[in-house]
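Asks: Below, each chain spelled out in residue letters.
There are 2 protein chains.
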Amino acid sequence: MSVLVVGSVALDTVKTPFGEAREVLGGSATFFGVSASFFSHVNLVAVVGTDFPEQHIDFLRSRDIDTRGLKRVEGQTFRWEGYYEYDLNEAHTSDTRLNVFQDFEPDIPDEYRRSEFVFLANIDPELQRSVLEQVERPRLVVCDTMNFWIENKREQLKRTMAGVDVMMLNEAEARELAEEPNLVMAARKIMSMGPRRVIIKKGEHGVLMFCDSGYFVLPGFPLESVFDPTGAGDSFGGGFLGSLAGAGSLDEPDIRKSVVYGSVLASFNVESFSCERLKDLTMEDIECRYQDFLRITRF
Amino acid sequence: MSVLVVGSVALDTVKTPFGEAREVLGGSATFFGVSASFFSHVNLVAVVGTDFPEQHIDFLRSRDIDTRGLKRVEGQTFRWEGYYEYDLNEAHTSDTRLNVFQDFEPDIPDEYRRSEFVFLANIDPELQRSVLEQVERPRLVVCDTMNFWIENKREQLKRTMAGVDVMMLNEAEARELAEEPNLVMAARKIMSMGPRRVIIKKGEHGVLMFCDSGYFVLPGFPLESVFDPTGAGDSFGGGFLGSLAGAGSLDEPDIRKSVVYGSVLASFNVESFSCERLKDLTMEDIECRYQDFLRITRF
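If you're matching them up, the sequences are chains X and E in order.
Once you know that position 187 of the first sequence is 184 in the working numbering, the rest is easy, because the numbers rise by one and skip nothing.
Once you know that position 202 of the second sequence is 199 in the working numbering, the rest is easy, because the numbers rise by one and skip nothing.
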């Protein structure tokens, strides 16, 4: 089964207390796609400028990611510049240049329209809805968002959410969207807006997943070295949806397993800048950390 | 088997966004003792003043807590006054009056000296050491502390830690004691100071436990209403050590189970002011939440 991701492909400049990386491969669709590609075929829709290095596209293709939906248009690629202090949970943006991403209008290639699993990465909720209008009855739609859309396009976001199966947010976004400080109550309120499931990402503190029949709580994987948290949320999404698509099942045990695989991918991704750590990662590494997760959480 | 706790019995005045409680029963030895009493006999050593209400002592006794070590001396009982804002993870102290606690010198009654499980609640590390000198080869010693002792009595604290099996701290304390921001590395450094185990309490985000053979991670129990976090850490300690003493075993599976019981007790304790919620709590409630914990963490 295949996974469709619609989001950004970007060039990131990131500074952390441990080092700096300039103009490296980034963007939500990148982190998601590379992570999902360990489990499933990935269809990617995004836009880059004429300056985007061909080698990055070669890398994506090498991961069995279909890039027919990756448009190259006149202009500069989306650039994000940010930094982290010792509290690696909080990203500080120093510069955002949307460039060609400003006029991004997702155009889903015919070959992608039957993708069974869809990830709407963090883009304008109106564009997310236009994606849903172009795909044919996917089995599962997962939607990410951010504070900017919650604050500036709340009604549009709510309209999009009505067509979404799983809403994925971080703690602060969940509280802001629901206007409710308690996460359990916030999740319930978000489910009342449409999605049957809510996944709340808590960074190093793990993940909460809520649905009608109860919830699932997974702690973060304790890491000795967290190098760069950029892309952790999207790597989580990629591991989650990729492994679900790979399993081809939406049973509760498979959904829980996929949350663990999402956390495994995110835990690897933060161990280096960009998606460097994912480049030499093997399925054996992934299975090994999955087993570690089992071992350290069992009682 | 019995558990010895040496710490404070206090009168707390607490304000949270949800209400206020004046001069209610508090103190580390109280929260620990009441929580541990669900699983084991408890020997309590602390001091109160002449103003301390007899009804509180009756309550402790009603919980099978031996209060022969609770001294009543001339003067006022230790009082703590604090408040929480919406971030319930952080306590703000507005007033601390040590009163009779200022001159507290733990005098362990003969009947307590063979307690097999010892909890050194957060008091001066020199006093903690004097407790260890008075007990006869306990099977397990657990030690709590706080930033004040880490900053002002670091060397004394390290001497105490050399005789301790399990060090129990919150995240910030672990980082400060180890002078290391990464929790995995901090735990390793703390273990090199003596304790064979380190338990790091992360409030709503759960618990990390480290030992030579690996670690155990338990997420926090997702609660719909957190009313007052005062005493959560000590309730955790009481549930942990009480259930270990109850089981009479120091096997790894039993230690992990006890971490879960500790979290269960803490999760109940924060549902009301003081230890009100623990007053009508039953073993059935405890087992039920333990099973919930299993259910929401299994994959």
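Hints may contain errors.
Note that identical chains are pooled: a pair holds if it fits in a single copy or bridges any two copies.
[Said to hold, decoys possible] EDC-like, lysine to aspartate or glutamate: derived pairs with alpha carbons at most 20 Å apart:
{"hint": "1", "residue 1": "Lys150", "residue 2": "Glu168"}
{"hint": "2", "residue 1": "Lys68", "residue 2": "Glu168"}
{"hint": "3", "residue 1": "Lys150", "residue 2": "Asp84"}
{"hint": "4", "residue 1": "Lys254", "residue 2": "Asp289"}
{"hint": "5", "residue 1": "Lys254", "residue 2": "Glu51"}
{"hint": "6", "residue 1": "Lys68", "residue 2": "Asp209"}
{"hint": "7", "residue 1": "Lys254", "residue 2": "Asp282"}
{"hint": "8", "residue 1": "Lys254", "residue 2": "Glu133"}
{"hint": "9", "residue 1": "Lys155", "residue 2": "Asp121"}
{"hint": "10", "residue 1": "Lys150", "residue 2": "Asp107"}
{"hint": "11", "residue 1": "Lys186", "residue 2": "Glu113"}
{"hint": "12", "residue 1": "Lys254", "residue 2": "Asp104"}
{"hint": "13", "residue 1": "Lys276", "residue 2": "Glu123"}
{"hint": "14", "residue 1": "Lys150", "residue 2": "Glu176"}
{"hint": "15", "residue 1": "Lys150", "residue 2": "Glu281"}
{"hint": "16", "residue 1": "Lys12", "residue 2": "Asp251"}
Since the hints were made in silico from the structure, they are not lab data.
Asks: Compare the structure with each hint and give your call.
Replies: So, going through the hints one by one against the coordinates:
no.	hint	result
1	Lys150 - Glu168	within (19 Å within a copy, 37 Å between copies)
2	Lys68 - Glu168	neither (33 Å within a copy, 46 Å between copies)
3	Lys150 - Asp84	neither (29 Å within a copy, 27 Å between copies)
4	Lys254 - Asp289	both (13 Å within a copy, 18 Å between copies)
5	Lys254 - Glu51	neither (35 Å within a copy, 53 Å between copies)
6	Lys68 - Asp209	neither (39 Å within a copy, 52 Å between copies)
7	Lys254 - Asp282	within (16 Å within a copy, 29 Å between copies)
8	Lys254 - Glu133	neither (26 Å within a copy, 48 Å between copies)
9	Lys155 - Asp121	within (12 Å within a copy, 54 Å between copies)
10	Lys150 - Asp107	neither (29 Å within a copy, 69 Å between copies)
11	Lys186 - Glu113	neither (27 Å within a copy, 48 Å between copies)
12	Lys254 - Asp104	neither (32 Å within a copy, 53 Å between copies)
13	Lys276 - Glu123	neither (33 Å within a copy, 53 Å between copies)
14	Lys150 - Glu176	within (15 Å within a copy, 44 Å between copies)
15	Lys150 - Glu281	neither (42 Å within a copy, 47 Å between copies)
16	Lys12 - Asp251	neither (37 Å within a copy, 44 Å between copies)
Hint compliance for this structure: hints 2, 3, 5, 6, 8, 10, 11, 12, 13, 15 and 16 are broken, all remaining hints hold.
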